[in-house]
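Visitor: Spelled out from the first residue to the last, the chains are:
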Amino acid sequence: DAGVTQSPTHLIKTRGQQVTLRCSPKSGHDTVSWYQQALGQGPQFIFQYYEEEERQRGNFPDRFSGHQFPNYSSELNVNALLLGDSALYLCASSLVRDRGYQPQHFGDGTRLSIL
Amino acid sequence: GDSVTQMEGPVTLSEEAFLTINCTYTATGYPSLFWYVQYPGEGLQLLLKATKADDKGSNKGFEATYRKETTSFHLEKGSVQVSDSAVYFCALKAGGFKTIFGAGTRLFVKA
Numbered sequence: 012d013a014g015v016t017q018s019p020t021h022l023i024k025t026r027g028q029q030v031t032l033r034c035s036p037k038s039g040h041d042t043v044s045w046y047q048q049a050l051g052q053g054p055q056f057i058f059q060y061y062e063e064e065e066r067q068r069g070n071f072p073d074r075f076s077g078h079q080f081p082n083y084s085s086e087l088n089v090n091a092l093l094l095g096d097s098a099l100y101l102c103a104s105s106l107v108r109d110r111g112y113q114p115q116h117f118g119d120g121t122r123l124s125i126l
Numbered sequence: 011g012d013s014v015t016q017m018e019g020p021v022t023l024s025e026e027a028f029l030t031i032n033c034t035y036t037a038t039g040y041p042s043l044f045w046y047v048q049y050p051g052e053g054l055q056l057l058l059k060a061t062k063a064d065d066k067g068s069n070k071g072f073e074a075t076y077r078k079e080t081t082s083f084h085l086e087k088g089s090v091q092v093s094d095s096a097v098y099f100c101a102l103k104a105g106g107f108k109t110i111f112g113a114g115t116r117l118f119v120k121a
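Going line by line, the protein sequences match chains A and B. For the first sequence, this note's numbering assigns the number 12 to the initial residue and increments by one for each residue that follows. For the second sequence, this note's numbering assigns the number 11 to the initial residue and increments by one for each residue that follows.
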């Protein structure tokens, strides 16, 4: 049973560039959420996708955008990268029918470093 | 809004010592509560959960009891091992789309 998989594992970019991170949810899951975890902090919710639409968004600027594909996989795009975007980006998947009370399953994350 | 507060770290213990990591929460509804663990260089792993008041979650010797009257979900383990060294996150979901995390508590266990 494949868990949540993310790619790439590590990425180095420079300020102003754009980046795309990818996520495949756990088998059978239909909802994907993205989180940003800065060094020494807890993960912060970016947004969640279900049925290829953004359902809820956290307090992140429009430079952060996403997409969900018919196979439930998802991408996170960040434009005009800033030094402060350096973080571990975590993808989490779940089932919409659990009504939000069951835990999300997390991938190992993509470590993004901005130079 | 909903939030989670957990004790600051780092917590340093000797092997076989008793562990407590305090966690309190604020939520408008009746949240589910979780403890996640993060080992160096890895993502988050669910350690245990409790979905209603007075539930006790347990896993790998760790326990936490959902206390609605004190809005707490403290993590305990009777005898820690070096392999328990990690960062522990208390978290909640209140029927919405997102998990809300505390800031994390780093645990160091010395042999």
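Rather than coming from a laboratory, the hints here were simulated on the basis of the structure. Don't take every hint at face value.
[As the list claims (entries may be wrong)] Quick list of the computed label-pair ranges, beta carbon to beta carbon:
| # | chain 1 | residue 1 | chain 2 | residue 2 | range |
| --- | --- | --- | --- | --- | --- |
| 1 | A | L94 | B | G51 | 19 to 29 Å |
| 2 | B | T36 | A | R66 | 39 to 49 Å |
| 3 | A | Q52 | B | N69 | 19 to 29 Å |
| 4 | A | N82 | B | R116 | 16 to 26 Å |
[Stated by the list, open to error] Part of the chain A face toward chain B, derived, beta carbon under 10 Å:
| # | residue |
| --- | --- |
| 5 | G39 |
| 6 | H40 |
| 7 | G51 |
| 8 | P54 |
| 9 | Q113 |
| 10 | Q115 |
| 11 | S124 |
[Claimed, not checked] Listed below are the simulated DSSO-like cross-link pairs for lysine-lysine, each with C-alpha atoms no more than 27 Å apart in a straight line:
| # | chain 1 | residue 1 | chain 2 | residue 2 |
| --- | --- | --- | --- | --- |
| 12 | B | K120 | A | K37 |
| 13 | B | K87 | B | K66 |
| 14 | A | K37 | B | K78 |
| 15 | B | K62 | B | K78 |
| 16 | B | K87 | B | K120 |
| 17 | B | K70 | B | K87 |
All C-beta atoms in this analysis are idealised placements derived from N, C-alpha and C, irrespective of residue type, glycine included.
Visitor: It remains to establish, for every hint, whether it holds in the given structure.
Guide: A quick look at each hint next to the structure:
1. L94(A) - G51(B): 19 to 29 Å: 22 Å, holds
2. T36(B) - R66(A): 39 to 49 Å: 23 Å, violated
3. Q52(A) - N69(B): 19 to 29 Å: Since Q52(A) and N69(B) have Cβ atoms about 24 Å apart, the given range 19 to 29 Å holds.
4. N82(A) - R116(B): 16 to 26 Å: The hinted range 16 to 26 Å is violated for N82(A) and R116(B), with Cβ atoms some 37 Å apart.
5. G39: This interface hint is violated because 16 Å lies over the 10 Å limit.
6. H40: 14 Å, violated
7. G51: Holds. Min distance 8 Å.
8. P54: This hint holds: P54(A) lies near chain B, its Cβ roughly 5 Å from the closest one there, short of 10 Å.
9. Q113: 7 Å, holds
10. Q115: 6 Å, holds
11. S124: Cβ of S124(A) sits 14 Å from chain B, so the hint is violated.
12. K120(B) - K37(A): 35 Å, violated
13. K87(B) - K66(B): Holds, at roughly 13 Å.
14. K37(A) - K78(B): 32 Å, violated
15. K62(B) - K78(B): With a Cα-Cα distance of about 9 Å, the restraint between K62(B) and K78(B) holds, given a limit of 27 Å.
16. K87(B) - K120(B): Judged against 27 Å, a Cα distance of about 15 Å means the pair holds.
17. K70(B) - K87(B): Holds. K70(B) to K87(B) sits at ~9 Å (cutoff 27 Å).
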